[in-house]
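Engineer: Place chain B with the ligands on chain A using the hints.
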Amino acid sequence: MYKILRKETFSDVTKLMEIQAPHVAHSAKAGQFIIVRIDEAGERIPLTIADYDKEKGSITIIFQEVGKSTMHLGRMEPGAEISTLAGPLGHPTEIKNYGTIICVGGGVGIAPIYPIARSLKEAGNTVISIIGARTKSLLFWEDKMREVSDELIACTDDGSYGRKSLVTEPLKEFLENKDKKIARVWAIGPAIMMKFVSLTTKPYNVPTVVSLNTIMIDGTGMCGGCRVLLDDGAQFVCVDGPEFDAHKVNWDSLLSRLRFYREEEQLSLQRYEHKCRLEGAAEGGR
Amino acid sequence: MAGLTQKERMKIKRHEMPNQDPFVRRGNYDEVALGYSLETAKEEAERCLQCKEPKCVEGCPVGVMIPQFIKALREGDIVKSVQWMKAKNNLPAICGRVCPQEVQCEGNCILGKKGEPVAIGRLERFVGDYELVHRTCPLEKAPKTGKKAAVVGSGPAGLTCAVDLAREGHEVTMFESLHSSGGVLIYGIPEFRLPKKVVHSEVNYAVECLGIDIKVDHIIGRTFTLDELLKNYSAVFLGTGAGLPSFMKIPGINYNGVMSANEFLTRVNLMKGYKFPEYDTPVKVGGEVAVIGAGNVAMDAARCSLRLQTLHSGKSENNSGEVHMVYRRSRDEVPARGEEFHHAEEEGVIFNFLTNPIEILGDEKGNVRGMRCIRMKLGEPDNSGRRSPAAILGSEFEMKVDTVIMALGTSPNPLVFVDAAGLERTRHGTVVADRKTGRTMKHRVWAGGDIITGAATVISAMGAGKRAAADINNFLKGEVPW
Ligand SMILES: Cc1cc2nc3c(=O)[nH]c(=O)nc-3n(C[C@H](O)[C@H](O)[C@H](O)COP(=O)(O)OP(=O)(O)OC[C@H]3O[C@@H](n4cnc5c(N)ncnc54)[C@H](O)[C@@H]3O)c2cc1C
Ligand SMILES: Cc1cc2nc3c(=O)[nH]c(=O)nc-3n(C[C@H](O)[C@H](O)[C@H](O)COP(=O)(O)OP(=O)(O)OC[C@H]3O[C@@H](n4cnc5c(N)ncnc54)[C@H](O)[C@@H]3O)c2cc1C
Ligand code: FES
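Which chain is which? The protein sequence lines are A and B, in order. For the first sequence, my numbering begins at 1 and goes up steadily by one. For the second sequence, my numbering begins at 1001 and goes up steadily by one.
In case anyone wonders, no lab produced these hints; they're calculated from the structure. Warning: the hint list may mix true and false statements.
Covered stretches of chain A, going by a simulated chain B footprint (3 or more residues, C-beta under 8 Å) [as the list claims (entries may be wrong)]:
no., stretch
1, 103-110
2, 217-225
3, 248-259
Below, in silico cross-link-like pairs of lysine-lysine (DSS-like), each with a Cα-Cα straight-line distance of 30 Å or less [what the hints assert, rightly or not]:
no., chain 1, residue 1, chain 2, residue 2
4, B, Lys-1215, A, Lys-54
5, B, Lys-1275, A, Lys-3
6, B, Lys-1215, B, Lys-1042
7, B, Lys-1249, A, Lys-195
8, A, Lys-29, B, Lys-1148
9, A, Lys-248, A, Lys-275
10, A, Lys-56, B, Lys-1215
11, B, Lys-1088, B, Lys-1013
12, A, Lys-3, B, Lys-1215
Even for Gly, the Cβ is constructed at its ideal location relative to N, Cα and C.
Same shape as in the complex, but just chain A (with noise of 0.2 Å):
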């Protein structure tokens, strides 16, 4: 059992935890991920290690409620335990001095861009950085991210916080302006704007980087179910990546596959919100 030891409440969907994990936390690096699995009955889901303390022997996730399993994670308190934390797993990113390069992080992909560019930042690069979200309340980390980056632009969709626009745009723009040579691109964020990223930086020719979300189960390669069509065949995303080359991405199939489960999804969603609206009356009428 892993107990959590801390909890911050960025936006009502998008929560912090710091858990007890000192196996993970022995070995984690910037762009890994755990495998987590709420409680006997829970599904095992992937979430990015945001930070770790090898001293303290913890980590710690950010996650946006999505669906069930999101949803019970954010409703657990500190001291509170989970059942299995499982990891580091994927490959670390590969951290090298690259000249100048862009991070960028859209919505809950905010979190694992995070020691990405501080790595990079710490290899000797200019990093400029955009985040994004839909958003102003989405939107958290920014102090976080300024402290790591050369420059930093934020972005809402809405226009309610930062520059109106989609993260693709400030991108074009450093990508068309010739005096800054952009050698490297990393995106995390929705599969959507991932997709879009790479359809942005792919005339420019410049490598780019994405986190790719699957489903997954085990994360170990055991099952081939969060496999991602590349150009030259399938691979697994937990154990080839999680990180890929955004430009040999098949993102129609990965889109596709994300899409699978989507009634099961809901039924289990419903099927939550009921027990907790049942359980919440039982409360209330005490």
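Structural biologist: Quick look at chain B with the ligands alone, frame taken from chain A:
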């Protein structure tokens, strides 16, 4: 019945295993084979001729003393029967259920030459089940040696090795990447063939009696590397199995509805997907499932699919879909355990022999809508004596399916080989190890089970775990050098 003559014994007919009715059982996940009663077990035990040179024992990869355990059983001394059994095999309740007896002990039984062999597997299960409930034969532990050993992987190979080492008084830590111990016994073989409470009970008993420390959620190669383990432990045993699935190299494998048998079975068994939404992990099959392959894994996937279809329809007598097995060789080459093949047919799985898929077809949404296949014929036997299949030109046809499950064989998962310099592997990805001792080419590292043989059997993995434990024990006690 003590005084039966050999002739009289030979007249007794082999006792059928009581099974759940095929139409009922395909609507539930309860165990299919119900087990012998004490009466039936004793009567079946009477059939054994107590050969002076028992061939059955030669057929057993761990050399269970079969005539002895059967004799004790028919004399009504079940506790003694358990002792005979446990002297060689610590997991009889498991092996009695899953061993391919027809090619091992029972395949060698003299009675089988003319009639039917003694039902050794069923008797083994009877004795094992008795012990699960009564625990007459405690696992005893030698005084502490102060030596530490690590066992990686908690399947039959790792479990057997850990138990034998702990009995010798060594301090054993077992590392398992999943959240539950037991390897394929937990994530692969379905509940209706091997109830998980049997596996949990065996694992928990060993842990309690012997104080083995099991660390789940530890992926060796990621959480710790092999070289890190070697700093803290005097010996390391690798029993990580052959868990890496393979997909056919044909177009269309990424459509929704195509999965490896490992994914499907993990969702069903480890994650209890058949209980969705009570359990959170969904698993879905459509009305027309094709399972590629015909081994144990394929049989399990087909029979789980059938149950899911029936459970969803709510009517067990009226199956709501079709499950097809697609196999490129013929009925005679089916590699699955005989009983499973038979049960799959009884339950209504449809077999398509001499058929091979060449393309999976999808619709505009990216879901599977069909499969293009080609008919095969068997050629002359090759060097290994197997007749290899060849495609019949121009025989392509389309099968309407919405789910494709590939059970094509697996290879060792390479994750454990991160930072494991010196550990040699074959070109099939299996670890090179001495078959007698389990020693690998890397100092203080042993290996056994599917990781060295590729996908094989529970009992052969246990045998390998046992042999390695014996050598590790001698090494730790300083009786043999590396
Ligand atoms: C390597 C990796 C790292 C990840 N890191 C993070 C992280 O740091 N923070 C975070 O919030 N999420 C992360 N995710 C995504 C996270 O795993 C999913 O959001 C989670 O599994 C959803 O579970 P659920 O039961 O709450 O929702 P579900 O009921 O499973 O899904 C609800 C909705 O979310 C969508 N969805 C489901 N799975 C994913 C997915 N993998 N990616 C995107 N959308 C999905 C579904 O299509 C559906 O619309 C990561 C995924 C991967 C593969
Ligand atoms: C569906 C199915 C049905 C089968 N049916 C039968 C049958 O009826 N009869 C029969 O005799 N055999 C059967 N087999 C084969 C049999 O189960 C295997 O041969 C046997 O389990 C191999 O044992 P093992 O201990 O070598 O490996 P496994 O049982 O595979 O166990 C390996 C364990 O190591 C863990 N592991 C892997 N990598 C790591 C790592 N890096 N770090 C930590 N842990 C790790 C895995 O999670 C797993 O728990 C079947 C196999 C399958 C898949
Ligand atoms: S999650 Fe199972 S192989 Fe990647």
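Engineer: Can you take a look at whether the stretch 248-259 of chain A is actually covered by chain B? Rule is 3+ residues, C-beta closer than 8 Å.
Structural biologist: Since 6 is at least three, the answer is holds.
Engineer: CA of Lys-1215(B) to CA of Lys-54(A), is that 30 Å or under?
Structural biologist: Holds, because 19 Å separates the two Cα atoms, which is no more than 30 Å.
Engineer: Confirm or reject the coverage of the stretch 103-110 of chain A by chain B under the rule of 3 or more residues with a beta carbon closer than 8 Å to the chain's beta carbons.
Structural biologist: Contact hint for the stretch 103-110 of chain A vs chain B: violated, 0 residues under 8 Å.
Engineer: Check the hint pairing Lys-3(A) with Lys-1215(B) against an upper bound of 30 Å on the C-alpha distance.
Structural biologist: holds (16 Å)
Engineer: Does the structure keep Lys-1088(B) and Lys-1013(B) at a Cα separation of 30 Å or less?
Structural biologist: At roughly 28 Å apart (the allowed maximum being 30 Å), Lys-1013(B) and Lys-1088(B) satisfy the hint.
Engineer: Sort out whether Lys-195(A) lies within 30 Å of Lys-1249(B), counting only the CA atoms.
Structural biologist: holds (26 Å)
Engineer: Are there three or more residues in the stretch 217-225 of chain A whose C-beta lies within less than 8 Å of some C-beta in chain B?
Structural biologist: holds (count 8)
Engineer: Compare the distance between the alpha carbons of Lys-56(A) and Lys-1215(B) with 30 Å, and conclude whether the hinted pair is satisfied.
Structural biologist: holds (20 Å)
Engineer: Is the straight-line distance between the alpha-carbon of Lys-29(A) and that of Lys-1148(B) 30 Å or less?
Structural biologist: holds (29 Å)
Engineer: Going straight from one Cα to the other, do Lys-248(A) and Lys-275(A) come out at no more than 30 Å?
Structural biologist: violated (43 Å)
Engineer: Is the hinted pair Lys-1215(B) and Lys-1042(B) satisfied, with a Cα-Cα distance of at most 30 Å?
Structural biologist: Given pair Lys-1215(B), Lys-1042(B) is violated - Cα atoms ~41 Å apart, limit 30 Å.
Engineer: Decide if the proposed pair is consistent with the structure: Lys-1275(B) and Lys-3(A), CA atoms, cutoff 30 Å inclusive.
Structural biologist: holds (27 Å)
Hint check: violations occur at hints 1, 6 and 9; the rest are consistent with the structure.
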